[in-house]
Amino acid sequence: MSTTTVPAPAPAEEGTASATPPRRVRGRGERSLGASLASHGLLIVASLAALFPIAWLVFLSLGPDKDDYLHPERIWSKMTFDNYAYVLQHTNFFDWMKSSLIVSLGTTVIGVMVAATTGYAVSRMRFPGYRKLMWVLLVTQMFPIAVLIVPMYQILSELQLIDNYLGLILVYCSTAVPYCAWLLKGYFDTIPFEIDEAGRVDGLSPFGTFFRLILPLARPGLAVAGFYSFITAFGEVAFASTFMLSDTKYTFAVGLQSFVSEHDAQRNLMAATAVLVAIPVSAFFYLVQKNLVTGLTAGGTKG
Amino acid sequence: MTVAIDRATGKRRGDRTPRPGLGRRLKDGYQKHWYAYAMIAPVAVVIGVLVLYPLGYGLYLTLTDANSLNTARTIGVNEIEATYKFIGLDNYADILWGPTAYDRFWSHFIWTIVWTAVCVGLHYCIGLGLALLLNQKLRGRTFYRLVLVLPWAVPTFVTVFGWRFMLADGGIINAGLDALHLPTPLWLEDTFWQRFAAIMVNTWCGVPFMMVSLLGGLQSIDKSLYEAAEMDGANAWQRFRYVTLPGLRSVSSTVVLLGIIWTFNQFAVIFLLFGNTAPDAQILVTWAYQLGFGQQPRDFAQSAAYGILLLAILIVFTSFYRRWLNRNEQQLAI
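Chains as they are written, first to last, in the UniProt record's numbering: chain A, 1 to 303; chain B, 1 to 334.
If you are wondering where the hints come from, they were derived from the structure by calculation, not from laboratory data.
Incorrect hints may appear among the rest.
[Stated by the list, open to error] In silico lysine-lysine, DSSO-like type, Cα no more than 27 Å apart, as pairs: (1) A:66 to A:78; (2) B:137 to B:32; (3) A:132 to B:223; (4) A:132 to B:27.
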């Protein structure tokens with residue numbers, strides 16, 4: 001399993017073994033020192049590339065002056081947490097946090113609750129219209145924001161839901177619900193359907209089977225769908241920037257942009273806010289990321 | 001037609017029986033499947049109300065000349081009625097072959113294709129390379145993995161601002177290039193370098209997903225295949241070419257499709273990196289947004305028409321992709 005970058009270890013059985021003193025035969029999975037060093041070198045370079053922009057943001061957030069990003073060497077001598085204190089005390093940070101949480105959690109809860117039964121139905125039952133439904137679920141996931149943003153804006157204006165949390169939650173549900181249904185179908189597929197059969201034999205209706213047997217077993221799947229909805233809603237930019245108008249209702253994605261306007265660029269505060277947002281979200285992400293990937297790629301549509 | 005067993009009810013379906021009349025079929029279908037329909041009802045309602053209705057309304061808007069000056073709006077206490085009118089397919093004709101159509105649509109279209117192809121290509125190659133490196137017995141593997149996932153863990157809207165600081169004129173990247181006596185391009189102002197920067201940032205953001213997915217794929221390849229290949233005298237390249245790549249095929253076809261859709265629709269990177277300042281670096285999605293919301297008067301009809309065109313492009317692409325996969329007897333894993 002050596003890599004593309006590493007020359008293969010030469011086969012050790014060249015017939016020289018009898019003459020020369022027995023060379024240590026390299027076992028499978030062992031590599032020469034050079035190969036190891038090359039792997040480590042490449043991985044270290046890649047890690048630095050992954051880490052640097054974020055580390056740089058953290059570093060800049062410690063500089064007290066808004067133009068410090070142009071003279072980073074001056075930051076060392078005057079490093080301070082003033083930016084953080086200022087952001088927490090004198091900006092709308094907590095308002096933004098509240099909006100972000102309301103919108104993301106609202107989307108998560110509605111998305112998972114609405115999608116759960118459908119995920120089960122498309123996993124276990126074949127009914128007329130099944131393929132059409134699956135196709136619709138697939139297509140809604142590739143909607144570019146440009147398709148829905150204009151009509152949504154018009155409709156929500158008529159309903160007075162612009163600059164309103166509920167409006168934004170509804171917009172996010174248009175992607176979160178089909179996505180959750182799809183993801184949950186993948187998870188329900190992994191639950192053996194002997195369990196359903198046992199439930200049916202014992203006289204449960206399909207609904208009873210679902211609510212009493214399958215749903216408790218599917219908790220990890222529900223969690224993954226929830227995490228994914230949350231992260232997507234939290235990081236969404238286009239709809240939030242367009243539909244939230246008053247600066248106390250901004251989500252973080254919009255609030256961060258508001259630090260840089262045409263007249264003023266408070267980059268130091270922006271960097272501090274960015275770091276404050278990034279820390280909990282990435283911590284949360286690390287807790288769930290392993291499940292995210294399995295959920296995303298191991299769904300499986302057979303049929 | 002195959003005979004499949006309905007997993008929830010244990011009933012066989014797909015048996016060929018004489019076809020009863022329509023009313024009878026509806027009634028039978030209702031009796032047999034009513035719980036299935038009851039279960040998909042919530043999603044059907046949500047999709048109908050939140051997706052299909054706006055989609056239909058958007059389609060209608062593309063056939064009008066709606067903009068922010070003639071749509072219904074409320075100013076103070078005055079409600080102004082909508083005055084836009086139906087103009088048929090003029091918007092589409094204007095976008096696709098009207099005067100200056102090249103500057104408005106086709107140049108962005110070409111750039112979007114280039115952007116998608118280059119980004120997904122880089123995501124895939126770098127992601128695969130890193131996945132292969134991480135798939136070895138290596139000290140500190142978990143640590144590397146955690147660090148490499150970082151660009152995915154931090155929300156895009158945060159990291160893009162980090163990049164903006166770095167790419168700014170006088171930022172760290174140009175300072176570094178200057179110290180090495182290399183040219184210092186205007187990353188955020190010059191069209192070519194804007195595009196270069198956008199691809200660079202998006203690549204940085206997108207590699208971890210590919211890496212983690214492909215690593216999962218690599219780990220699911222049967223180890224005995226490698227042993228067998230080695231016994232047969234396959235060298236490293238041959239093992240990669242004839243064991244690893246075929247083993248990754250189903251994961252690859254899925255993540256590449258997802259990557260193409262996501263990159264084609266990527267809004268946050270370009271929007272946050274350039275805002276309204278870079279008309280030539282806008283891909284179709286951000287360009288449509290700019291028409292609808294980034295200018296005055298807002299051109300709702302054209303923006304919606306761009307949206308419909310984008311969706312059409314994606315749907316056509318995806319159906320060809322699926323057909324191509326089916327021909328190669330592969331299943332999409334999503």
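Tested hints:
no.: 1; hint: A:66 to A:78; in the structure: holds (13 Å)
no.: 2; hint: B:137 to B:32; in the structure: violated (54 Å)
no.: 3; hint: A:132 to B:223; in the structure: violated (39 Å)
no.: 4; hint: A:132 to B:27; in the structure: holds (20 Å)
When held up to the earlier numbered hints, the structure conflicts with 2, 3 and fits the remainder.
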